[in-house]
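*Asks:* The lines below spell out each chain.
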Amino acid sequence: MSTESPQSRSIPNRRAFFRNSFGGFSSLALASLLERDRLSAAPAGPLSPRPSHAAGKAKSVIFLFMAGGPSHLETFDPKPLLNRLDGQPRPAEFGEARYQFIQRDARLLGSARSFQKHGQSGIEVSDLFPHVARCIDDIAVVRSCHCDQVVHSAAQYELMTGRVVPGFPSMGSWTIYGLGSESGSLPSYVVMPDPKGALEAGQPMYTNGFLPSNFQPTMFRPGRRPILNLDLPPGVTGAERRRTIDLIRRLNESTLKPGDDAFAARISTYELAFRMQTEAPEIFDLSNERPETLALYGIDRQPTDDYGRRCLQARKLVENGVRFVCVVSGGGPGNMQWDAHADIEENHIRKARETDQPIAALLRDLKQRGLLDSTLVLWGGEFGRSPEAQSGKGRDHHNLGFSMWMAGGGIRGGQIVGATDPIGLRAVERPCHFRDIHTTLLHQLGLDQNRLSFPHLGRQERLTFLEGQVIREIT
Amino acid sequence: MKPRSQAILVGIFAFAFLFAKKVPVSAGTPDHWAFRPLSISTTRTPAIDDFLLAALTKQNLKPAPQAPWSTLLRRLYFSVTGLPPTPAEMRSFLESPSLAKYEAVVDKLLAAPGYGERFGQHWLDVIRYAESEGFEYDRHLPDGWRFRDYVIQSFNDDLPFDVFIREQIAGDESESPTRQALVAAGFHRLGPVRRNAGNPDVALSRNEVLTERTDIIGPAILGLSIGCARCHDHKLEPVSQRDYYQLEAYFAATTEHNVVIASDAEQRRHQAATQAVQEQIAPLKKSLTQATGDRKKTLAAEIRKFEEQLPPDLPTITSIRNAETNRTPIHILNRGVWEQKGDAVGMRPPSALVPDELAELPADTPHPRTRLAEWLTSPDNPLTARVIVNRVWQHHFGTGLVKTANDFGRNGDRPSHPELLDHLAQTLIRNGWHLKPLHRMILLSAAYRRDSSLDRPDAARIDPENRLLWRGPRRRLSAEELRDSMLMISGRLNPKAGGPGVMVPVDEELIALLYKPAQWSVTPDPSEHDRRSIYLVAKRNLRLPFLEVFDQPPPINSCARRESGTHAPQALELLNGRLANDLAKAFAARLQHDAGPDSGARVERAFLLATGRPPNDEERRLSAEFLANGSLREFALAVFNLNDFLHVH
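So the sequences go chain by chain: E and L. The first sequence begins at 1 in this note's numbering and counts up by one. The second sequence begins at 1 in this note's numbering and counts up by one.
Honestly, the hints are just simulated from the structure, not real lab data. A few of these clues could be false.
Here are some chain E residues the structure puts well away from chain L; computed CB gaps all over 10 Å [stated by the list, open to error]: (1) 78; (2) 88; (3) 98; (4) 105; (5) 121; (6) 122; (7) 182; (8) 204; (9) 232; (10) 282; (11) 293; (12) 301; (13) 302; (14) 448; (15) 469.
Sample of chain E residues at the chain L side, in silico, Cβ under 10 Å [stated by the list, open to error]: (16) 157; (17) 207; (18) 230; (19) 246.
The structure displayed is predicted, hence computed values, not measured ones. For glycine and all other residues, C-beta sits at the position ideal for the given N, C-alpha and C.
For reference, chain E alone in the conformation it holds in the complex (with noise of 0.2 Å):
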């Protein structure tokens, strides 16, 4: 197992470190990059732009992060005899399951959605996905994920950091930590929240963890200007504030004395600020998009419109060099996330009408693009639902089976890995833990799981905890 750390990869010159903008460099990395200076090799940034490990087919990733769990059920995975058992207790033979609040006598419950083969693959997709069913020969459903933990904070922290417990770096910091940003004026990590409210694991689960500061995420917020202290203060004009800056750059360049990378980096990231303040904004002015462009994405209607936004978005971020960008579907009260357990199918139809029509629109314009096969995209919950009711017609938390999905990003569409059992309870064929769908992920992004590691309280820290393995089928 080798190490790498960003102040050990090497950079190629001194532009690029300039050039690197969310990123910057921290005390950790100074002390060599100030000794590499003086070898005559120029530093750079640990956010500048970096070889991966081999040769990946993505380049960026988007995670389409259903919060709160979407039942399998009534989506990707069909299952005939749960609805011929509705109403019963569950066989014996499937063994036993624990879940959060349901208890052992709970009945099955049937679903009431149709599902019907779609595109040449002919995968069956409900009727919940109208739109997304057509892009299905782009995707690739794996029907057997499972992970660890039956509740929401845990099993959200495992889905994004490989750990059921806060405080490790997200999936969106390994990320960045390995690849870097190719984005001069963006940040190279950005979660878009659910304008909606927050989710039970809070902020702790998108963040850079025990990295150093700079691989952590930026938190969009909802608006017209997603990020923080990008608005000059009020009262405060444009040119007025361009004379503050020089006269800051020019105070600081007076004292800087030659050979001080430290100060000089720091002179440097007030241009930096300067140019996202005017640059950034662009990005989020969705006014000059095609009016086709916004109809696609649901753009304008509802109830599309601020998933389709934030869809956009992400694609524009992308577009412009943006590393990883997390959309989050569902916040605050359970109902307002995909965690149905009170009523399946109204909470079930008003996410999947939030959500399908931006998500096609996704793959469809990336894909348009030629950005699809640089892009991947993944979608799925923390964990999905129980086959068995809870309060008549919801469903429980289900962390034994249950379907997420991926596309682009060299992912091979159209197929299906793994199964759950005839009732949907576990997954028996092919099992992929959170570890695979991570090591899956990174390996797209020509990253090693291995490779790819910090040291933290005296071990060499990594996304998987136990090693996953790459699923291969899709790859």
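On the provided structure of chain E, position chain L as indicated by the hints.
*Replies:* Coordinates of chain L only, in the frame set by chain E:
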């Protein structure tokens, strides 16, 4: 090498030789420097600088001269209190600077409350202190801030560090514990705690809590990573799985205990008042479950109104106690999974650190944590003293003698000056574990007083990281120092000490990201918002963007040393952030008030306040040019962005 140092070394070797013969060391004990007993220097006490000069001379490195007095004074103030000196303090010192006067300032600062407020923050980082539990509910600990005040007070009182550790580990176990001891034992409540609705998995949750309480002991006190050994024998350190669970066994009976500090009568009154309101609320809540539309809104509003009438919570201490009847049997767990129980174990310190024949204590040993605390602070354990003196060293020099302050294991860094480290540890113990004399010794050393300028290519080539300390330290202000200094030079800092964590106004969007937005209730008195950062609430799921962007660590894992990043969001925060712009206005008003209408005088004043020195000619010229037709507020903002304000030289 000076003859005196040679004598010291001879002494060390002689002692190490004797010691190694006398103390039976575990057969499996690896030959690792940090696990060996402290070496003893000769009776004659050498100074810090003797050790450092010996190493520098060996490398043919000439140390830098002493820093200019003004630079040094600013460095000293930040080092000890985290705040800059006032212009008046500067003036009075610089009128007739001398080493004797410097020494007097060191003593004055170590006696000032600011000392505990700054060094306390470091300890809070190390033990990942927060006032809320994290995870979904992020529940607030009842009066969790008392622990923060305990830490600050203990450092200010110069409570011996061994007592400080014993109180935190086992304060509750004494015969009739003082309030202070109960607050200190709240140490075991500081980790993240997962609470869930639904079918709680009691054994799993208990296992998580035990893990959290065990894991922190390693890095925070022993400087040893032990967490890995929960699932398997440590691959890099001589810590076995058995060692891990034997350590966990000290906590087997430890349970949460919230101690209400009110008389019985007060408690009865409180209960009655609460009940009276609850009785009004109960029927409304019942109706609410069936209500719809406007009726629902009205009911909810009525309930809220009643809830506001609930009496405030009684003062409470977040503490722990031993619940012997509820003791968790501790087993070695296969891969750390609580269902996969192996051998049952009792209590014992990690085997690499104790003699082989030391017996395991049975699981029902009374006052178990007192036993642990005794071992942690006993002379037989060389780590506790080494680790804390290294933290103090790092606090002033930026880097410890051991770079990895939380990791003294084989995987960690080796000390740059092993004899010095042991000398400091011995001295600490000899001084009755008082930390202030140690701070003092370091701050008075020639090494600390050296000029920090980097333009010595010869020296930088030989020792680019300055491990041998040929120059003085230079560092960026920490997030808290930066915020506190901005408040101070703007004339807004509220120096009040202690009390409940302050909640400052934050963007609505941030509050909306909380699972329970009602948890953020802004402290009503606005002057409270201008208090030092250590008094702001430490909430796991809502951290202030200003502090976060300047590398305040998330209070999840022990943080041994602050990062010091440089990136554009920091520039954006200081240019466009609310705090920076708000305080720029206050700073401008102060300059106007202090210096009158002359813009030249304002510039002088601004530089003196922010950088501890007058402006140079170029800075004077540029500032005058700017102020000819620019606003004083924008100039004030620019001063917050000076490298020489953001850094200590």
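*Asks:* If a hint holds in the structure, say so; if it does not, say that too.
*Replies:* Results for each hint:
1. 78: holds, 28 Å
2. 88: Its Cβ never comes within 10 Å of chain L, the nearest being 22 Å, so this holds.
3. 98: It is violated; residue 98 of chain E is separated from chain L by about 8 Å at its closest Cβ, not greater than 10 Å.
4. 105: Given that every Cβ of chain L is farther than 10 Å from that of residue 105 of chain E, nearest at about 13 Å, it holds.
5. 121: holds, 39 Å
6. 122: holds, 39 Å
7. 182: holds, 16 Å
8. 204: violated, 6 Å
9. 232: Violated, because the least Cβ-Cβ distance between residue 232 of chain E and chain L comes to about 6 Å, which does not exceed 10 Å.
10. 282: The claim holds: residue 282 of chain E sits with its nearest Cβ about 17 Å from chain L, beyond 10 Å.
11. 293: holds, 27 Å
12. 301: With a cut-off of 10 Å, residue 301 of chain E remains clear of chain L, as the shortest Cβ separation is near 24 Å.
13. 302: Given that every Cβ of chain L is farther than 10 Å from that of residue 302 of chain E, nearest at about 21 Å, it holds.
14. 448: Since the minimum Cβ distance to chain L is about 19 Å, residue 448 of chain E lies beyond 10 Å and the statement holds.
15. 469: Per Cβ check, residue 469 of chain E is outside 10 Å of chain L; nearest 18 Å; holds.
16. 157: Status holds, d = 9 Å.
17. 207: Hint holds; residue 207 of chain E Cβ to chain L Cβ min 7 Å, cut 10 Å.
18. 230: For residue 230 of chain E, the interface hint holds, since the closest Cβ of chain L sits about 7 Å away, which is under 10 Å.
19. 246: holds, 9 Å
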